[in-house]
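With the hints as constraints, model all of the structure from the sequences given.
Chains as they are written, first to last, in the working numbering: chain A, 610 to 744; chain B, 610 to 744.
Calculated directly from the structure, the hints in this document are not laboratory data. Wrong hints could be hidden among the right ones.
Since the list gives no way to pick one copy over another, a pair counts as held whenever it fits inside one copy or between any two copies.
[Stated by the list, open to error] Okay, derived cross-link-like pairs now, BS3-like style, lysine-lysine, Cα gap no bigger than 27 angstroms in a straight line:
id, residue 1, residue 2
1, Lys680, Lys721
2, Lys616, Lys729
3, Lys698, Lys630
4, Lys729, Lys696
5, Lys630, Lys719
6, Lys696, Lys616
7, Lys691, Lys630
8, Lys669, Lys616
9, Lys639, Lys698
10, Lys654, Lys639
11, Lys721, Lys612
12, Lys719, Lys696
13, Lys721, Lys639
No experiment lies behind these values; they were computed from the predicted model shown.
Protein chains: 2
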Amino acid sequence: MLKLSKKAEYALMAAKYMALKNSSGYSSAKEISENYQIPYQLVAKVLQNLVKSDIAFSAKGMNGGFALAKKPELISIIDIIKAVESKFKITDCMHENGSEQDCSHFNCCKIKDPLAVIQKKIDNVFTDTYLVQIL
Amino acid sequence: MLKLSKKAEYALMAAKYMALKNSSGYSSAKEISENYQIPYQLVAKVLQNLVKSDIAFSAKGMNGGFALAKKPELISIIDIIKAVESKFKITDCMHENGSEQDCSHFNCCKIKDPLAVIQKKIDNVFTDTYLVQIL
DNA sequence: TTCGAATCAGACTAATTCAGTCTTATTAGA
DNA sequence: TCTAATAAGACTGAATTAGTCTGATTCGAA
Ligand code: SF4
Ligand code: SF4
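This is how it looks when you write it as structure tokens:
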């Protein structure tokens, strides 16, 4: 179906929100949740993922929250998406050392290599788009 | 997760099979099913979808089967995929007249337009790849 | 004219994935 | 010490996907 997950969309929305917030101070999960009608717990987890991937950093306690760790010009949206989606590939076998463990058709499959070419092109679409371009 | 459905993969495999079969005669669903270890009923349905989309044609009865309706140079793989996947878009709202019916965030969403740009690029990746290129 | 091999069609079920919720712990400032 | 915030992970329900089942239709050959 080639659809992005909701988590990926929420991650992009949150990143954009933080980028637009003109530098000053943190954005809290609650704030983003209310602004974009995203369930609080869900956006909180997404933000935590962004922290883990060094795209954002966080501050606990009162007046705490999240903020971008780099300039929007330096953050590729593929990193934002991969922070929340582990498998961002068009097929199950599309990774280093793909094997018959990934797909029962692996041995008889004749479309792996052509699809790898397409995968690379799609990767480039995301890799070449930076947060600053979606503000 | 951005993954292609199995039906889409099967459609590509079946189209490739028919293209490689040097013109002569039909390919039966059973034949393709056995060659690629795809459940018979499933590949049969996929082939029927290809017929509906005028990518292949069929002949009933003994010695019947399926064959491509056009040259592989003229068949874009986006048509093969769309024959089996109705919604081939990265978000729910990504179609003509998308509205809040499609997504509860539609009104507050700030990433629709940037994602539409990305959608267009992805569409091009598939549109610009023809069956002949994956043989 | 009967039989078998094939397409055609749609309902149904099982498996997997995704979205969202719940619970509890931790941290830091007022 | 109270409160507002992040942190983490288990859990549930919903939605989607993959595969199965049943039966009809069509055509060619014996
Ligand atoms: S069908 Fe082929 S391309 Fe798809 S996952 Fe299996 S091996 Fe990979
Ligand atoms: S979140 Fe935005 S982009 Fe995604 S489906 Fe909803 S409206 Fe469209």
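Given identical chains, is Lys721 near Lys612, meaning Cα to Cα at most 27 angstroms, within a copy, between copies, both, or neither?
-> both (20 angstroms within a copy, 14 angstroms between copies)
When no copy is named, should Lys719 and Lys696 be tagged within, between, both, or neither for a Cα gap of at most 27 angstroms?
-> both (22 angstroms within a copy, 25 angstroms between copies)
How would you label the pair Lys680, Lys721 (within, between, both, or neither) given a Cα cut-off of 27 angstroms?
-> Only across copies: Lys680 and Lys721 sit 22 angstroms apart there, 37 angstroms inside one copy, limit 27 angstroms.
Is it within a copy, between copies, both, or neither that the alpha carbon of Lys616 lies no farther than 27 angstroms from that of Lys729?
-> This pair counts as both: shortest intra-copy Cα distance 23 angstroms, inter-copy 21 angstroms.
Taking 27 angstroms as the upper bound on the Cα-Cα distance, should Lys721 and Lys639 be classified as within, between, both, or neither?
-> between (44 angstroms within a copy, 22 angstroms between copies)
Lys654 and Lys639: within-copy, between-copy, both or neither at 27 angstroms Cα = within (12 angstroms within a copy, 47 angstroms between copies)
What label fits Lys729 with Lys696 when the C-alpha limit is 27 angstroms: within, between, both, or neither?
-> For Lys729 and Lys696, the Cα distance is within 27 angstroms both inside one copy (14 angstroms) and across copies (22 angstroms).
Please work out whether the CA atoms of Lys691 and Lys630 approach to 27 angstroms or closer within one copy, between two copies, in both situations, or in neither?
-> Within. Shortest intra-copy distance 23 angstroms satisfies the 27 angstroms Cα cut-off; inter-copy 40 angstroms does not.
How would you classify Lys630 and Lys719 at a CA-CA limit of 27 angstroms: within, between, both, or neither?
-> Cα proximity of Lys630 and Lys719: across copies only (14 angstroms, versus 49 angstroms in one copy).
Are the CA atoms of Lys698 and Lys630 at most 27 angstroms apart within a copy, between copies, both, or neither?
-> Neither: 32 angstroms inside a copy, 30 angstroms across copies.
With identical chains treated as interchangeable, where does the CA-CA distance between Lys696 and Lys616 reach 27 angstroms or less: within a copy, between copies, both, or neither?
-> both (13 angstroms within a copy, 19 angstroms between copies)
Is it within a copy, between copies, both, or neither that the alpha carbon of Lys639 lies no farther than 27 angstroms from that of Lys698?
-> Close neither inside one copy (31 angstroms) nor across copies (30 angstroms); limit 27 angstroms.
Of the numbered hints given earlier, the model fails hints 3 and 9; all others are met.
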